[in-house]
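Take the given structure of chain A and dock chain B to it, following the hints.
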Amino acid sequence: MKPATLIREELEGVWCIVLKDLKAYYFKPPNISWGILFPLVLALAFTLRKPSGLSDLAPGLVAMAALFGTTSMEAIVITFEKRVGALERLLLAPISLKSILFSKVLGGSIFGLMISSIMTIISIGLLGVPIKHPSLFAVSLLLTVLTLSALGSLVAVSVKEVFEAQTLSNYFRFPMIFLCGVFLPVESMPAPLQWLAYALPLTYSVKALRQTVIGPLQHADLAINVAALTLFFLLFITIATRLLKKHLE
Amino acid sequence: MKDIIRTLDLTKYYGALLAVDHVNFTVMEGEIFGFLGPNGAGKTTTIRMLVGLTTPTEGTAIIDGFDIRSEILEVKRRIGVVPETSNLYDELSVKDNLLFMAGLYHVPRLKREERIRELLESFNLWDRRDTKFGKLSKGLKRRLTVAASLIHSPRIIFLDEPTTGLDVMSARSLRHLLKELKETGVTIFLTTHYIEEADQLCDRIAVIVKGRIITIDTPENMKSTVQGIPVIEALFDSPIDKSMTEDLSILGKVWVDDNRVRVLAEEIPETLETLINFATKRELKIIEINTVKPGLEDAFVKLTGVEPEVMRLEKEK
Numbered sequence: 001m002k003p004a005t006l007i008r009e010e011l012e013g014v015w016c017i018v019l020k021d022l023k024a025y026y027f028k029p030p031n032i033s034w035g036i037l038f039p040l041v042l043a044l045a046f047t048l049r050k051p052s053g054l055s056d057l058a059p060g061l062v063a064m065a066a067l068f069g070t071t072s073m074e075a076i077v078i079t080f081e082k083r084v085g086a087l088e089r090l091l092l093a094p095i096s097l098k099s100i101l102f103s104k105v106l107g108g109s110i111f112g113l114m115i116s117s118i119m120t121i122i123s124i125g126l127l128g129v130p131i132k133h134p135s136l137f138a139v140s141l142l143l144t145v146l147t148l149s150a151l152g153s154l155v156a157v158s159v160k161e162v163f164e165a166q167t168l169s170n171y172f173r174f175p176m177i178f179l180c181g182v183f184l185p186v187e188s189m190p191a192p193l194q195w196l197a198y199a200l201p202l203t204y205s206v207k208a209l210r211q212t213v214i215g216p217l218q219h220a221d222l223a224i225n226v227a228a229l230t231l232f233f234l235l236f237i238t239i240a241t242r243l244l245k246k247h248l249e
Numbered sequence: 001m002k003d004i005i006r007t008l009d010l011t012k013y014y015g016a017l018l019a020v021d022h023v024n025f026t027v028m029e030g031e032i033f034g035f036l037g038p039n040g041a042g043k044t045t046t047i048r049m050l051v052g053l054t055t056p057t058e059g060t061a062i063i064d065g066f067d068i069r070s071e072i073l074e075v076k077r078r079i080g081v082v083p084e085t086s087n088l089y090d091e092l093s094v095k096d097n098l099l100f101m102a103g104l105y106h107v108p109r110l111k112r113e114e115r116i117r118e119l120l121e122s123f124n125l126w127d128r129r130d131t132k133f134g135k136l137s138k139g140l141k142r143r144l145t146v147a148a149s150l151i152h153s154p155r156i157i158f159l160d161e162p163t164t165g166l167d168v169m170s171a172r173s174l175r176h177l178l179k180e181l182k183e184t185g186v187t188i189f190l191t192t193h194y195i196e197e198a199d200q201l202c203d204r205i206a207v208i209v210k211g212r213i214i215t216i217d218t219p220e221n222m223k224s225t226v227q228g229i230p231v232i233e234a235l236f237d238s239p240i241d242k243s244m245t246e247d248l249s250i251l252g253k254v255w256v257d258d259n260r261v262r263v264l265a266e267e268i269p270e271t272l273e274t275l276i277n278f279a280t281k282r283e284l285k286i287i288e289i290n291t292v293k294p295g296l297e298d299a300f301v302k303l304t305g306v307e308p309e310v311m312r313l314e315k316e317k
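Chains as they are written, first to last, in the numbering used here: chain A, 1 to 249; chain B, 1 to 317.
Hints should not be assumed to be uniformly reliable.
As the list claims (entries may be wrong) - In silico BS3-like cross-links for lysine-lysine, where the CA-CA straight-line distance does not exceed 30 Å:
#1 2(A) with 132(B)
#2 132(B) with 160(A)
#3 23(A) with 135(B)
To be verified - Stretch by stretch, here's where chain B covers chain A in the computed footprint (C-beta under 8 Å, at least three residues):
#4 8-14
#5 23-34
#6 78-89
#7 94-108
Stated by the list, open to error - If you want a taste of the chain B side facing chain A, the calculated C-beta under 10 Å gives, among others:
#8 40
#9 77
#10 81
#11 103
#12 106
Calculated directly from the structure, the hints in this document are not laboratory data. In this text, all values refer to a predicted model and were calculated from it rather than measured experimentally. Built from N, CA and C at the ideal position, the CB exists for glycine as well.
Extracted from the complex, chain A is given alone in its bound form (with noise of 0.2 Å):
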């Protein structure tokens, strides 16, 4: 078969499961309220903390949206369909196991597209927070909506069950948003916890989302965090392709 032929088949299939994915699980009325709440709420809190203005901190409450949007439902989905032996259905199919689980990732970063997308909108028209580099500051977002989903697959190949994709999740998550400057800056806290910090991916996307929504705009300091990003998806994607492989030997 000629690479082409090949390589289009392969994205057929992963949109083909990416579609299946959204209609069977993440587009539920039930995730849907979900989607909306969760970021209206948080704005809201956040608005009533501090009345004054949010727009320190839009580019984390962004952030933190896409970290829950991604891993939470996602990680659902993974364990699930493994446990129910739905995830052995796709791996008899003529696609390979690294297109699967991308297009898993593909699911998980949509959801959390959409919910980011959400907190964004609320951010310029709610709070009057407005994005100064709008079309870097979607690149960021994209970047790490696909690095958190990345993640979210890592942590779902690695478990089990569904309650424990949920508690592995939190041992990331919680952390992440103290110490990843979504409410005070990185640079701000002692050195261990600096280096901790840069040691987790929610740093470069705060950072990056920062940058494009506030400024100011450092383009090496941009391509810095770019860089990152792009690094923690292609090793979160490669060990977790990797664990699923293991797992089904």
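Same frame as chain A, but now just chain B:
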């Protein structure tokens, strides 16, 4: 007729455990090939290697001209698989499940609707096309799982224990469907622990025990290995407990199904005497005693030493 599946020393270790031991067999195009064996014999592991769910430790198999080690995507394009559990998507309708499978198996867009209608009509599921998979009965779920495996018109289908857990009517209807499929030229590779099912459906049967193939033959030839050895079947007035059958162990091959005892009787007078003594000792009444023509079950017991009833109960548990 040419061979469509050929295994070459197919072997699988799980750590130190040898699950499948240098298995060699060929399946001819258009035949129904049964893969029979007790639980844990290596049936499912063999099928998982053939369909690309696990990699062989040693050896390989050639399916429709493609090597499962190096050309698994080509193999997957040519096969349909019905796993032991009906694992389609509960939240999607019957039709949406098939649309998804059609996309995944690259059925041309313009032909998808036509192919789905054709399959749903031939599997008597057209009226249920908008019902969610999760709302279907076990039998209908199984039917749809078989239909889904045929979406891309594969040349070979693998069925792992297709009738396990189905009611009598659904199982019969599924067997009928498989016979019809064979008529269309599809090669069927079937694992089952129902010996009667293998007898009714299969052109040839391979028996696997402890990871090794111990025989491959037609059901008729297998039965002939026990021809001439009469089988005595005794019906007692109450169920026979497994622990009670120790008294009958001197008879050799004995198997029990509720209140029925079957013995492969090398010596008829001795067998009858032992059965009468057993009934007297256990205060049981013999309601009926017959000699019956040995069947595939008797050949299977002779070959494997495993009681089919025990195998069925273990599986259904």
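These are the hints, each one checked on the structure:
1. 2(A) with 132(B): 38 Å, violated
2. 132(B) with 160(A): 26 Å, holds
3. 23(A) with 135(B): 17 Å, holds
4. 8-14: holds (count 3)
5. 23-34: holds (count 4)
6. 78-89: holds (count 5)
7. 94-108: holds (count 3)
8. 40: Violated, about 18 Å.
9. 77: 5 Å, holds
10. 81: 5 Å, holds
11. 103: 4 Å, holds
12. 106: 6 Å, holds
The structure is inconsistent with the numbered hints 1, 8, although it conforms to all the rest.
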